[in-house]
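Engineer: Based on the hints, put chains R and X in the right spot on chain D.
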Amino acid sequence: MKENTNTASIIALITDFGDKDFYVGAMRGVILSINPNAKIVDISHNIEPFSVISGAYVLYGAYKYFPRGTTFLIVVDPGVGSRREAIVIKTRNYSFVAPNNGVLSLVLMEESITEKYLIPENIFVRKPSYTFHGRDIFAPAAAYASMGVYDVFEEFRGDIVTLDILKYKKEGRAIKAHVINVDRFGNVALSVQYEDVKKEISYGKTVSIKGIGDVKLVRYFSELSVGETGLIVNSIGFLEICIREGNAAKRYGLKLGDEVLLTW
Amino acid sequence: MKENTNTASIIALITDFGDKDFYVGAMRGVILSINPNAKIVDISHNIEPFSVISGAYVLYGAYKYFPRGTTFLIVVDPGVGSRREAIVIKTRNYSFVAPNNGVLSLVLMEESITEKYLIPENIFVRKPSYTFHGRDIFAPAAAYASMGVYDVFEEFRGDIVTLDILKYKKEGRAIKAHVINVDRFGNVALSVQYEDVKKEISYGKTVSIKGIGDVKLVRYFSELSVGETGLIVNSIGFLEICIREGNAAKRYGLKLGDEVLLTW
Amino acid sequence: MKENTNTASIIALITDFGDKDFYVGAMRGVILSINPNAKIVDISHNIEPFSVISGAYVLYGAYKYFPRGTTFLIVVDPGVGSRREAIVIKTRNYSFVAPNNGVLSLVLMEESITEKYLIPENIFVRKPSYTFHGRDIFAPAAAYASMGVYDVFEEFRGDIVTLDILKYKKEGRAIKAHVINVDRFGNVALSVQYEDVKKEISYGKTVSIKGIGDVKLVRYFSELSVGETGLIVNSIGFLEICIREGNAAKRYGLKLGDEVLLTW
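Chains as they are written, first to last, in our numbering: chain D, 695 to 958; chain R, 695 to 958; chain X, 695 to 958.
Same shape as in the complex, but just chain D (with noise of 0.2 Å):
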C-alpha cells in the first residue's frame, strides 16, 4: 500500500445520517484519522432516510461543480447489513464511494466509468459494526481514494445498479411523471427534464396538472404573483412545481414518489 498523505483532495459527503447524532462526527473522524490533509466537504446530511432516489437526486445536483479530482462519498444505505456491494466507481473526472443500490444511476448518466472497485468489508477494522458501515467500511474507502490508494479494493466485475427515477410516460398530449425531490421551499421536482419536452412545453405555456389546474411555465418565479402555482425550470434543468414564497409541496400535499400527470 503506497500512501501520499500530502494529498489534500476533497472529499465531499451526502448521508441520510441527519446532523443530532455522532454517525458524521465519527465518519469525519476516521477519514482525517487515515488522511489527515482530507478537506472535507458537506453536501447534505439531510437526505430523506433510506431515500436512495433523494440521494442520486441531491448526487446530481451538486457533483459537477466540484473541481476534478474530487471523491464523493454517499451512505444513503437502507440495505446496510444485507450482501449489497459496497463500491468505489472512478470516472475521467471523479471518484464515488457507494453503496451499489442506484444513488449513483443520474451521475453515471453523464459520467463514464473508467475503473470499479469493491471495496473489502474488513477495509478499516477487523469487524466493522453491523449497523454503521459509513464509518467503518464507506468513510475508510473514501479517504483512501482521496489519497488516490486504489490497491487497498478489489476488482468489481458486477453491475452498477439504476434505478429508473427519470422515466415518464408520454401518450399523446399528455406526461405521466412522478415527484423525485421536495426542496426545502416545497418545491416539487418532476422527472422530466426540460431539454426532452420543450418542444411540447415551452416557456409561456399552460399546462394542466391533475389536483392542481392550470399553471404556467415560467423563467423567473418573479413572473408569478405572491403565492401563484406556476411550474419552473430548477437549476439542474428538471420541471418543478413551485409556489412564489410559497410550499407547493405541502399545498398540495405532495410527496417523494408520488405520480404526476400534465397535460396541455
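Hints were generated in silico from the structure; no laboratory data involved. Take the hints with a grain of salt, since some may be wrong.
The list makes no distinction among identical chains, and a pair is therefore deemed to hold if it is satisfied within one copy or across any two copies.
Calculated lysine to any residue pairs in the SDA-like style (CA-CA distance at most 20 Å, straight line) [claimed, not checked]:
id, residue 1, residue 2
1, K892, P822
2, K910, S823
3, K861, F850
4, K821, S776
5, K733, R762
6, K949, V873
7, K821, G931
8, K944, E742
9, K758, I817
10, K821, Y897
11, K733, G763
12, K733, S703
13, K899, D858
Structural biologist: Below, chains R and X without anything else, positioned relative to chain D:
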C-alpha cells in the same frame, strides 16, 4: 484578471437554503473550483426562508468575531430573478457579497464602506440559472473577492438598501418594538438595544410586556427559576424575552415581525 | 504566553446551539481569530437543548475515531451564568474543553486524565456575555488548547462531575434501564452495553420489553422484516430498540430518560 490562488482566506456563508438539498453543496463546489484555497466556514443555512431580517440579524451576530479579511457570502434572496442588484461591499475589515435587499443593514451601522461593486450576471456562466443565483453569481463572486480579484466586478453607483428593523418607538413610559429574531431555544430578540434604553430599563427593573405580564430584566438565566419568564440582554446587546430552560416564542406565540409593547 | 500559530490541529465541536442562529458561526469566528490554522470539524450542533446526557452520548460515540491530538469543544451548558466551572481536561490522546456538568462522564470511563485546568472567565474578553460563554470562554479556550497554549488556564483542583447515565439494575431475569439516546431514525439506545449482559441476552434470544412486547436481539437490520421491531447492538455497543426502516421512538412514544424494563 490577476489571480492569487495561494490566498487561504475565509469565506463565511449565510443562506436560507437549508441543509437537505444540493444548493449549498453546489455553492461550495463552485467556490473551491475557483479558489481551491478558500476556507469555507458556515454561519447558518437555516435562515427562515425569504427572511432578509433574519439574515441581517444572524450576520450581525457573527461577523465581528471573524478574522480581518474574511469574505461574507449572504444569500437570502426572495427577489432572485427580479431586478435587485447583486453587490460586493468592501469595508476596512471585511468584504460582503449579497443581494442589495437590506440584508447588510445592521452590519453597515457599524462598518464603513470603502468600495462598492456590482456583480455582472455572467461572472461565472454565460447564462446563469433563473432561480439559483447563489451558485451562478454570488458564490463565484465571493470566490473572486476572497482572492482579492475585484476587476471582474463593475463599479456600483447606486444606493445600498437598508431596512428599518432596528426601529422602536418610545412614548412616555412605553416602547413599541418588534420581534427581530427567534432562536433555537425560543428566545425572542426585540428591536431595542439595551444601550439605548438603559436609563429607563436597568438590570433588576420590572417591565410589563403586553400579553405576557410583568417580567424582570436579569443578567443571567440562572436569576430566573426554571420555567420563569424574564427579559435579558442577549449576547449581542438586544433585549430578549426568555424563559429559563423553556421556549418563550412557543409559550407566547411570538414570531418574526410581531409587535411587542413594553411599559414600565 | 507562547503561541504556535502553525499548529494545524483539529477542533471538534459539539453544541446544542442548533443551526439557525449566529451562535456556532460566532464561535467559529473566534476560534479562527485566535488560531488561524485550526481545522474546525463538526460533530453535532443539534444536541437536544440543555441535554447533558445527550451531549455525553454523542461525544462518546464520535471521539475515539478522531486523530490523536484532537481538541474537543463541548458546549451543552444549561448552567451558563451560574457557578459551574469551565474546564479543560487533558488525557493521553485528547483535550476536552467543556462545562463541568457531567458531559464528559462517558468519555472519562475510557480515557485517563493527565491534566486538569480551570478556564478563567476573562480569557478572551474582559467582560464575557452573561449568556454566551460558548463564544466568550469555551471557544477561545479550545483555540488556545489546540495550539498547545495551556498557560492561559489555571490549575483545577476540584472534582469532575459525572452522571449516572449508564446505570441499569438487574434483578433476576429483568433489567431496568433507561433511554439515553434517540437518533434520527428513531432508534432508541438503552443504558445497557451488550458486553455486560451477553451471558443473559445473546444474539437470537427473545426478550420482552414492557409496553412493546417480545423482540429478538439481532445482528443486522436485515434480519428483521420491514416494519418489525427488534433489539440490536448499536455501533458503539449499546442495546438499541429499532424498527427496520421505521421509527421506534415514535411508534412507542419513547424519549430521552424514559425507563425501559426488559425481561427474559
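Engineer: With reference to the structure, classify each hint as holding or not holding.
Structural biologist: How the hints compare with the structure:
With identical chains, the CA atoms of K892 and P822 are at most 20 Å apart between copies only, with a shortest distance of 19 Å across copies and 49 Å within one. Taking identical chains as interchangeable, the C-alpha atoms of K910 and S823 lie at most 20 Å apart only when they sit on different chains, with a minimum of 18 Å there against 51 Å within one chain. In this assembly of identical chains, K861 and F850 lie within 20 Å of each other by CA distance neither inside one copy nor across copies; the values are 28 Å within and 47 Å between. In this homomeric assembly, K821 and S776 come within 20 Å of each other (Cα to Cα) only inside a single copy, at 15 Å, whereas the closest approach across copies is 45 Å.
In the homo-oligomer, the alpha carbons of K733 and R762 lie at most 20 Å apart both inside one protomer (14 Å) and across protomers (18 Å), since each shortest distance falls under that limit. In this assembly of identical chains, K949 and V873 lie within 20 Å of each other by CA distance solely inside one copy; the values are 7 Å within and 32 Å between copies. Taking CA atoms no more than 20 Å apart as the test, K821 paired with G931 passes between copies only; the shortest distance there is 13 Å, against 44 Å inside one copy. For the identical chains of this complex, K944 and E742 are neighbours both inside a copy (16 Å) and across copies (17 Å), given an alpha-carbon limit of 20 Å.
Taking the shortest alpha-carbon separations for K758 and I817, only the inter-copy value of 18 Å comes in at or below 20 Å, while the best intra-copy value is 28 Å. Taking identical chains as interchangeable, the C-alpha atoms of K821 and Y897 lie at most 20 Å apart only when they sit on different chains, with a minimum of 16 Å there against 56 Å within one chain. When the C-alpha separation of K733 and G763 is checked against a cutoff of 20 Å, the pair qualifies both within a copy, at 12 Å, and between copies, at 18 Å. Within a single copy, K733 and S703 get their C-alpha atoms as close as 6 Å, and across copies as close as 13 Å, so both meet the 20 Å cut-off.
In the homo-oligomer, the alpha carbons of K899 and D858 never lie at most 20 Å apart, since the shortest distance is 28 Å inside one protomer and 40 Å across protomers.
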